[in-house]
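Colleague: Going down the list, the sequences are from chains R and L. Positions in the first sequence are counted from 1; adding 18 to them yields the numbering used here. Positions in the second sequence are counted from 1; adding 1415 to them yields the numbering used here.
You may find that some hints are simply not true.
[Said to hold, decoys possible] Okay, derived cross-link-like pairs now, DSS-like style, lysine-lysine, Cα gap no bigger than 30 Å in a straight line:
id	chain 1	residue 1	chain 2	residue 2
1	L	K1467	R	K699
2	L	K1550	R	K689
3	R	K699	L	K1421
4	R	K490	R	K507
5	R	K731	L	K1550
6	L	K1550	R	K662
7	R	K148	R	K631
8	R	K507	R	K437
9	R	K731	L	K1467
10	R	K527	R	K507
11	L	K1421	R	K724
12	L	K1467	R	K666
13	R	K430	R	K373
14	R	K666	R	K699
15	R	K724	L	K1540
16	R	K689	R	K666
17	L	K1467	R	K724
18	L	K1550	R	K699
19	R	K731	L	K1540
[Claimed, not checked] Residues from chain L that face chain R, not an exhaustive set, calculated with beta carbons under 8 Å:
id	residue
20	I1495
21	K1540
22	L1544
23	P1562
[Said to hold, decoys possible] Quick list of simulated restraints, FRET-style, between CB atoms:
id	chain 1	residue 1	chain 2	residue 2	range
24	L	T1444	R	V747	16 to 24 Å
25	R	E713	L	A1422	37 to 45 Å
26	L	S1542	R	L749	18 to 26 Å
27	L	L1440	R	I743	22 to 30 Å
28	L	T1546	R	Q722	22 to 30 Å
29	L	T1546	R	R566	14 to 22 Å
30	L	S1542	R	E582	40 to 48 Å
31	L	F1450	R	L739	34 to 42 Å
32	L	V1430	R	T746	24 to 32 Å
33	R	Q722	L	L1440	23 to 31 Å
34	L	T1444	R	I743	16 to 24 Å
35	R	E713	L	L1440	49 to 57 Å
36	R	L749	L	S1531	31 to 39 Å
37	L	W1489	R	S728	31 to 39 Å
In case anyone wonders, no lab produced these hints; they're calculated from the structure. Quick reminder that beta carbons are idealized off the backbone N, C-alpha and C, glycines included.
Letter by letter, the chains look like this.
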Amino acid sequence: MAEVAENSLPADDQTSAPDGHSAPPTGGASDASVTENTPPEFDNELPTEPTPDNSIADEAMPEAEPVGEAHPAVTAIMNDRYIIDGGRPIPEMDTKTSKAYTAVDRQDQSEQLVALVCSRGAPIRGDLLKQLKNQSTRGMLQVIEWDAIDWPPAGGKTMCIIYERPLGGRVIDSIAQGKARISEYDVVNKLIEPLIAAISSLETIAQPHRSIRPGNLHFLDAARTTIVLGDCCSGPPAYSQPAIFETIERCTASPSGRGMGTSMDDIYALGVTVIITMLGYNPGRDKSLGEMLAIKLDRGSYAAICGNARIPISLVEPLRGMLNDDEPSRWTTEEVRAWIDGRKRTPQQRKGQPKAETPYIFASRPHTSPRALAYAFSRDPEEMIRTLKSDENFDSWIRRSLGDDDLADRIKFVMEQAKLTSGTPGADPSVVSARICSMLDPRGPIRFQRYAMMPDSLSFALPTEVVMRDNKQLISDLIANEVYESWFKVQERNPPDHLIWHRNFVQCKRYLGIREPGYGIERCLYEMNQGLACLSPVLKNQYVTTLRELLPALDVTANQVDSEVRPLDRHIMAFIAARFDEDIQPHLRALSSSDEQRRTIGMLSLLAFIQWKTNVSTLLGLTSWVGGLLQPAINSYHSRTTRKEIEKAIPQLVRQGSLPELFNLIDNAEKRRTDDDGFSKAQEEFGAAESEIQEIESDDGLHQSKLLRSGQKITSMGAILVSMIVITVMLISEVF
Amino acid sequence: MARSSKARSFIVIWVSIGVVGLLILALPTVFVGFFGMAPTFVAFIVDRTREKYATFCVAGINACGVFPYLLDLWTGSHSINQAVNIMTDPFSLIVMYSAAAFGWLMFITVPPVITSVLGVMAQKKVSALRTQQRKLIEEWGESVARPPSNPQTRSATGRPANDPGRVEMRDIGSEKPAVPEPDDDAA
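Pulled out of the complex, with its shape left as it was, chain L reads as follows (with noise of 0.2 Å):
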């Protein structure tokens, strides 16, 4: 319990001095990183699941209309004016948060499709299931449907080794090994 606070507090000691760094070296990229990115981290906090599918396909979609600007910004002069440049540019603003638009909009409409691709191809496989029973029902009979009830020692009768009325066959012909193949009755 110990270990892993103190675990958590390096973490928050590494991240912050990430974060004070980040901050002195690339404050213009930061600046547009985090105003761009914004409808990703309102999906995070919307997006109450554990595998949070949501928030990936929002940010994927979401850097796409980010990372031209970031771009120009790491290319051109990386300095707070330029951000405040791109940033306070209507036009940057729609496609950064349009591109957030659409990746919400694919993880609205995309997964239905899938789902119905995947139930067809359950289907198929339903039917190929039911066809080996089949198959196997031809071969061992209606029986191969029970559950086997001592699927170890069951008798050629189908009674379990533990049933006190069993006779094993081999007991029944325990004389008939050595019953004279028709090779010693010629000899």
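With the rest of the complex left out, here is chain R (with noise of 0.2 Å):
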């Protein structure tokens, strides 16, 4: 039975739309490529629904371009070693953030490489790759390098990770091809216990995996012996999974905002692998995300995805292990260890889902599990708006049918609440259906419009969201609203975990309430992802991701850009902001400011403490840039002379690529307080100046009549002396 050929699979499922994207948002060219590329009968995301209520499962992915397309004059070299072919793709390995083209490494060119190429902006999982690279471990393919080359298809700088070249060519398309066979005799050996190896090493780095699937698994070698899980570091955690390779928890998720998640749903997505791979087609297929949803809480997710499925007795104990909804019953690695090593376990019993004893209908359908009529209550807020306020049922079937009073009353003190506060963003549709899912489903996603995301997703899901898929507006709108306080309210337990993650979105909230350059939702990308590549439009082709790289970046774009531009940008103040550990308050508070004078002065400022900070040597291009902009910051003088030296020393300066010796030129103490003083003596000298004109070309006759007590003053002086002269000159005349 595990034996799977091309023609066993069902005519139905060749033809399927992967992904499940009846009508994909992001265009023909995208789906088609993952149509042309990858198998539907494994990858597919559950089948779509007629109805509105499908957009969460089938979130499309946007991609930079078709997987699989040929860029045969590009080729790029990464770090002076490995040539990257873009006239070589490798589209089975593709990822929905990523293209594969074949690599080669200068030094030994019998190695067989396969280079990654990211999307621009896609957040991939840094820390991961640091950790894996050089490292050889079993089941998973082997990171040789990463970093960022120059790919012009992508738009610029993007990221690309080496790994090995798994020689047998993916699983699926071997055992579809009859290259291979995978029987129930072999899946342990072959399968499970290489991938739980896999798993079991990235536990011990606190790291899972999050994209185990059928068609990320690979032959090592050409005889087909050996498999290795693919890429997991391309994008954000398990983004590229289809919804059935997801826990009941992480499934109605947007595919951005599953969130890292642990080894557990790595073993819960195994369990799946394991199955779909044996059985050679996907069993769900026909379901909508919201139907499987419910078998899976109904009748636990190994009955949902098995269906009728005969699955070897063998295996049924591991997977029903695997594949348990309850996370603390679920097989750990080392029980899955305990299982291949022989050792048996007591049958595990499946703990039931909260269920209610007669259906509620919702959107023409009924729910009988209070998590599912979560995920169909967001999918259309206004609906479940209207329904609560005029459905007197839904209040008596939460207390009678699932006969939790607590949770009614809680319903309905929402609604009165959003009754009372009408108008305000606390009452928005939106923002009470959020609230009210969590109630209804605590262990879920945080659902906000149309979207949901784990609070554990928040620094993948942020620059996906709002770089990837241009979604800026909902993203700050479910952190302004507080919408995540809702599921942190509701939840039972509060691990420090969930301290962690609340304390993010608070960070967040600040940010985003702060319009000043350097906050917003900039500074939240940046903040929550480390990792993170500065997505300024002045970098476009560069790739900085550490302050350090951010000077030299500018530098080398100063001859790309128009000298006109500032350096400076709100991507990049918030960058900085997130990535320097000085105090930079004052020189943001400068750059914010209505003052041109301030803002270029706070520009300079700060550049040049970077460059101090970071030691980056000589940075000619950038000073000559930075240098052209000065224009403003030296009028801040005074005096033209002043000014006119500066002006003169400023090419001197240029030539030396220092912007701390710049900013000494034009924010000089003495030089500002020599201005500054001699700037207030001509003020005061003009002053005087002004008001002895004014006296004197005053008509009011005050002048003339002070001007005609002069004369007479001189008059009769004149005429005492004259009187004194006469009378001494007859007095001698008469003595001799």
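These two chains come separately, so use the hints to put the complex back together.
Modeller: See below:
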């Protein structure tokens, strides 16, 4: 049964749409590419429903270009060693956030490599890459190298990950082509055992794989004896996973919001992978996500995924263990290993989910589980509010059928509160819907509008939604309206992780509340994802992930941009604020000033500060660029002579490439004080002269009368003087 | 108040003693002086200004006309007859009073001329001040013509120190002083 041949696949499976996209919003090219390269029977997401409630499951993945598209003229070199050949794509290794190409090691051309060129702006798992690089991990493709490369088809510099190339190709392709077979006797040694080894290795470094699915399994050797897991680092965790490989909690989350999860999520995905690989098709292919969720909640994941398919009896126990919907009861890696080693376990009894005695009809569909109802509610918040306002049966359904008076009271309170605070953001249907959905499904994702995210996914969800999917407003509203609070409030337990996740949301809300440069959604992006490259349009041809790389990148950019463009925009300022350990609040305040002089000096000061702190040596291009923008700062001096002196000195300092020196010239304290004092004196002199002129030129007669009095005084003094001279002369002549 | 009135009384007493003494010792001189300087006394009464420039002007020239006759009196017979002879001589009266008239004429005609000269000098000064202002504007810009808002503590950007939005340039580069000099780098 486990032998899979191409002709054994049901015809409808081979033609079903990949990813479950009946009408992909991102265009046919992307969808077609997925169709071309991804065998539908394995990698398709759950089929879509013809109703509006399908979009969470069917979030289309924006891709930079069609999968497998060759770029014959494009060749990139990484670290002067690895040559990535754009003319030789490897479409079967593409992911939703990266394209695969053949790579060659200059130092060892016999080594066959594959390069995954990531979509520009896609958040990669840098922490995991650092730990996996050059480490041979059983059950995983080895990461050889990773770095940014110039890749024009991606729109500039982008991240590229070099893996060793799996020589046997993709497992599902080999099986479909009859080149390999995995029998029920092989499945443990060939599939489960190496994958559990990989999951265990990753578990030791607290990093789950989150991309375990049949389409991401490869034969490492040409003989097709060793199966390894493919890439998991080129995008957000579980971003490329079809929803069926996700647990009940995470499957209704949007792809970018599925979260990091744990190795327990990998175990679950492994269980689904084993079933689908053995069966050769997806048993739930004809069900929508909502239907599959309802079945999972009703009968459990194992029964929902297997359906009526025949599973070898020896695998029933481990698969039930791996697909246990109660996470604490799910098999761990040790338990799977123990089973592989032949130690028997007591068969697990499935824990039932809360279930109503009678169904509640919403959107023309019956719902017996509050968790499934929460999912249905989240698909149409406005209809949910209308229903809850008008339908008295809902309250009685919760109280009687679910037997949960507390839940009914809390929902009633939320509705009444929304009624009282009508018109406020808190009473918005989306927010109210989110609160009620969290109450109905506390373990599910945070649901807002038509987006859903697990709280541990914030660091990857932000860049994915803001940059790749242009959903800036949605994610901003989710945080600004404190939608996350309702999720944290309904949790029965509050482990330390929850506190960290909550702190991250609160931090983001604080940044969003500040409109000034250096804050806002851009700051959230860089604070939450320390590995994210700066997304400034100014740096579109650069890949900057650390502060030390920023100034050299700007230096290179200086010759490629319009000299009128300022080197610091909102993205770069937020990037600096997130990556710089020093206090730059005064700089940010100056940069947000409406006064251009202050903005210019703030820009120069900040760049100079960074150059000094990061010990970056000569920056000729950037200094020249900044030097050309300093006129407003030079104009902050009053003295024309000082201005001319500064203008004369700038070219000389530009040739030194030192921003601190340039800053010293522009904002010299002594020079500034002298200028201020001189200007004050000049103002006083000017005022005194003006007063005197006004006095002289006044036409009120005062000046004339003053002059007349002066004339009279002079005349009288003259008369006295004349009389004294005459009398003296007379006396002298009389005496002598 | 009482002290000033007492002082004034003393002055009056001493002036009276002086006048009486002068009348006893030099009556002819007093006689010629009193009648010869009569225009000056008139000028003193007519001149209502505080400075009494007209009085000084008339008195100076009037004295020039009276003094020769006083000299004759002092060098000749210092008698009341001689004094009466002088004062009854029309020529001597014409000399004395013409001198006083000349003093008045001077006071009327000379000040306007002096005023005109001073006016020309003032215009020259205005021109010099304008030139000085132009030079200040050339060096410091048009803003130098504005009165200083707070001359002691203006920032480089012209914001007063008490402006809450003001950021000192020193604040912006608060860490800047530690920027290594090129020599330090070389070291």
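Colleague: For every hint, state whether the structure bears it out.
Modeller: Hint check:
no.: 1; hint: K1467/L - K699/R; verdict: violated (42 Å)
no.: 2; hint: K1550/L - K689/R; verdict: holds (21 Å)
no.: 3; hint: K699/R - K1421/L; verdict: violated (54 Å)
no.: 4; hint: K490/R - K507/R; verdict: holds (25 Å)
no.: 5; hint: K731/R - K1550/L; verdict: violated (36 Å)
no.: 6; hint: K1550/L - K662/R; verdict: holds (16 Å)
no.: 7; hint: K148/R - K631/R; verdict: holds (25 Å)
no.: 8; hint: K507/R - K437/R; verdict: holds (21 Å)
no.: 9; hint: K731/R - K1467/L; verdict: holds (9 Å)
no.: 10; hint: K527/R - K507/R; verdict: holds (17 Å)
no.: 11; hint: K1421/L - K724/R; verdict: violated (38 Å)
no.: 12; hint: K1467/L - K666/R; verdict: violated (65 Å)
no.: 13; hint: K430/R - K373/R; verdict: holds (20 Å)
no.: 14; hint: K666/R - K699/R; verdict: holds (25 Å)
no.: 15; hint: K724/R - K1540/L; verdict: holds (16 Å)
no.: 16; hint: K689/R - K666/R; verdict: holds (15 Å)
no.: 17; hint: K1467/L - K724/R; verdict: holds (15 Å)
no.: 18; hint: K1550/L - K699/R; verdict: holds (13 Å)
no.: 19; hint: K731/R - K1540/L; verdict: holds (22 Å)
no.: 20; hint: I1495; verdict: violated (22 Å)
no.: 21; hint: K1540; verdict: holds (7 Å)
no.: 22; hint: L1544; verdict: holds (4 Å)
no.: 23; hint: P1562; verdict: holds (6 Å)
no.: 24; hint: T1444/L - V747/R: 16 to 24 Å; verdict: holds (20 Å)
no.: 25; hint: E713/R - A1422/L: 37 to 45 Å; verdict: holds (40 Å)
no.: 26; hint: S1542/L - L749/R: 18 to 26 Å; verdict: violated (48 Å)
no.: 27; hint: L1440/L - I743/R: 22 to 30 Å; verdict: holds (28 Å)
no.: 28; hint: T1546/L - Q722/R: 22 to 30 Å; verdict: holds (24 Å)
no.: 29; hint: T1546/L - R566/R: 14 to 22 Å; verdict: violated (57 Å)
no.: 30; hint: S1542/L - E582/R: 40 to 48 Å; verdict: holds (45 Å)
no.: 31; hint: F1450/L - L739/R: 34 to 42 Å; verdict: violated (25 Å)
no.: 32; hint: V1430/L - T746/R: 24 to 32 Å; verdict: holds (27 Å)
no.: 33; hint: Q722/R - L1440/L: 23 to 31 Å; verdict: violated (49 Å)
no.: 34; hint: T1444/L - I743/R: 16 to 24 Å; verdict: holds (22 Å)
no.: 35; hint: E713/R - L1440/L: 49 to 57 Å; verdict: holds (54 Å)
no.: 36; hint: L749/R - S1531/L: 31 to 39 Å; verdict: holds (36 Å)
no.: 37; hint: W1489/L - S728/R: 31 to 39 Å; verdict: holds (37 Å)
Checked against the numbered hints given earlier, this structure breaks hints 1, 3, 5, 11, 12, 20, 26, 29, 31 and 33; the rest are met.
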